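Participant: The primary structure of each chain is shown beneath.
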Amino acid sequence: MNRSDAPEPAFDALYRDIVLDHYRAPHGRGELRSVSARAEGMNPLCGDEVDLELSVGPDGRIDGVRVEGRGCAISVASGSILHDLVSGADAGGAQRILDAVKAVLHGGPLPADPDLGDFEALEGVKKFPVRVKCALLPWTTLDEALRDLAARRKA
Amino acid sequence: MTATARPALDVAAIRREFPILATEARGRPLVYLDSAATSQKPRSVVEALSDFYLTSNSNVHRSVHHLAERATTAFESARARVARFVGAPAPECVVWTRGTTEALNLVANAWGSRNVGPGDAILLTEMEHHANLVPWQMLAKRTGARLRFVPVTDDGRLDLEAAHARLAERPKVFAFTAKSNVLGTENPVAGLCRAARAAGTVTVVDGAQALPHGPVDVTALGCDFFAFSGHKALGPMGVGALVCRREMYDAMDPWQGGGEMIRRVRLEESTYAEAPIRFEAGTPAAADAVALAAALDFLERCDPAAVHAHEVRLTAIAMEALRPLGVRILGPEDPADRAGIVTFDVPGLHPHDVATLLDGRGIAVRAGHHCAQPLMKRFGVVATTRASFYLYNTEDEAAALADGVRAAVEYFRR
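Here the protein sequences come in this chain order: D and U.
The numbers in this note's numbering rise by one with no breaks, and the one at position 93 of the first sequence is 93.
The numbers in this note's numbering rise by one with no breaks, and the one at position 278 of the second sequence is 433.
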């Protein structure tokens, strides 16, 4: 069987070096000193689970993000990038980032504002519709964690 | 059954009957290793489907006109074809369903609701597909019955000692798969059914993976119910059957109500048609049933025992080529006990990434939990990669799998 060992160029667009760097050494794996909100996400397609915890400081800013769970390169990298983007934001800012990320994964262009940092490297996932769910998983979990945060504040 | 006892399949000739196998995926020749999810369909099946709609289309069991008669005859011949293929004593033993899932739900409802009560035990196994777990969980919740499970050994087999011990507790029903969709394990169905019968336990066999890949004889197996899907056995999606021991009909209540399954309907109450029609409310997938008969014709021409031997050969090739790559293959060591299915975990690589990179080489595999989350948990994994072979796969394709996995490992090491 005559098969080239070179991967398809499309795969290099999916698995960019930045993505693999995040996958190999994901950010946001440390325990938080206090947990202000949490949520569990699941991809029913593969059974991958994400545990997401947020801690919020007295100034209302997110000063800790923990993203835990086993996943594919895309979902792990996406969670690691989530940690980087959301750290330091307040709930409203985190929501804005979340909305922007979702818009990009649903086919929209990369916005100038908010700055999505390394997330730009995950844009290639759009060409693989079944993998979009992998990239979304940490973010839909963040969505729930933010709702949990709002609910706890009310209580 | 040994690999050498039968003449080899003429795979090249078989492949010519499956036009889709000559297509490309991502610019490479398609290597379809996902037949355990759904098989490809030969030309004769697609033609039977279109022939029905082009020449015989009419509702069945209703009108008296010419086309209705044609359609009904074809539909009922298909039922007889299924009965013959599975060794059932009569066509009346075959209830058409949408597939295995609906067949299992039918048993859990039509038989289960009448016969299972508070405190009764429902015996299942740890290797079941969600389709053979969830309907029983729902029945247990409805009736107050208890669920019991036969554990799976480290090498991916049913713990038979435990199975016999659990059967000695005389559960009402024992529902188990004839062949695991994840491990490929072929369970000793006849022996388990014998032990169940001695305990007065009704047996329900999930045949979704067994029927496409080897000979099936429900009479020899001695089961009370046998469920399967057409689409994994070269047939169309949306049709399958529940094969019942005829005596079981007396212990079942109608499940879904509607047209066709009735005898006389009054405003306040109705009487019902005889089985199997009693369990077939509404217009059936008649064209699909007729096409399924064509699929079974095709399988029989190839000889199910030869198909099985071919799959054992491909499984052996794939397992041997994968082992040096350090992957963990789940399930029995012996390819003869797991024909056609190789499920594995590549350390450090997620199955989705493995599958995406294989896809880049035109190789289609399944990545995920394979609708068997409890079994994944049993083996300490969330998801795995599954390659599955069928009568149209070649030895080159089995070898290409390992080449692709090696390339994926190297790609991630870059």
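Be a bit skeptical, because a hint or two may be false.
Claimed, not checked - Derived Cβ-Cβ restraints for the label pairs, each shown as a range:
1. D:Glu49 to U:Thr308: 55 to 61 Å
2. U:Arg181 to D:Glu49: 26 to 32 Å
3. U:Tyr208 to D:Met42: 36 to 42 Å
4. D:Leu110 to U:Arg301: 31 to 37 Å
5. U:Ser268 to D:Glu49: 30 to 36 Å
6. D:His106 to U:Ser268: 42 to 48 Å
7. D:Ile18 to U:Ala554: 33 to 39 Å
8. U:Glu224 to D:Leu45: 44 to 50 Å
9. D:Lys127 to U:Ile175: 54 to 60 Å
Said to hold, decoys possible - Derived contacts from chain U toward chain D, CB cut-off under 8 Å, selection only:
10. Val201
11. Ser205
12. His220
13. Pro502
14. His505
15. Asp508
16. Gly515
17. Ala538
What the hints contain is simulated information worked out from the structure, not anything from laboratory work.
Since the model is a prediction, treat every value here as computed from it, not as a measurement.
Cβ atoms here follow ideal geometry from the backbone N, Cα and C, with glycine treated the same way.
Participant: Take the hints in turn and mark each one as holding or not.
Facilitator: Do the hints match the structure? See the list:
1. D:Glu49 to U:Thr308: 55 to 61 Å: For glutamate 49 of chain D and threonine 308 of chain U the Cβ distance comes to about 26 Å; the hint is violated.
2. U:Arg181 to D:Glu49: 26 to 32 Å: 30 Å, holds
3. U:Tyr208 to D:Met42: 36 to 42 Å: Given a distance of about 41 Å, which is inside 36 to 42 Å, the answer is holds.
4. D:Leu110 to U:Arg301: 31 to 37 Å: 55 Å, violated
5. U:Ser268 to D:Glu49: 30 to 36 Å: 34 Å, holds
6. D:His106 to U:Ser268: 42 to 48 Å: 44 Å Cβ-Cβ, so the 42 to 48 Å window holds.
7. D:Ile18 to U:Ala554: 33 to 39 Å: Once the Cβ atoms are compared, 34 Å apart, the range 33 to 39 Å for alanine 554 of chain U and isoleucine 18 of chain D holds.
8. U:Glu224 to D:Leu45: 44 to 50 Å: 46 Å, holds
9. D:Lys127 to U:Ile175: 54 to 60 Å: 23 Å, violated
10. Val201: 26 Å, violated
11. Ser205: Violated - the Cβ of serine 205 of chain U stays beyond 8 Å from chain D, reaching only about 30 Å at its closest.
12. His220: 46 Å, violated
13. Pro502: Hint on proline 502 of chain U: violated, closest Cβ of chain D at ~12 Å, above 8 Å.
14. His505: OK, holds: histidine 505 of chain U within 8 Å of chain D, min 4 Å.
15. Asp508: 5 Å, holds
16. Gly515: 4 Å, holds
17. Ala538: 4 Å, holds
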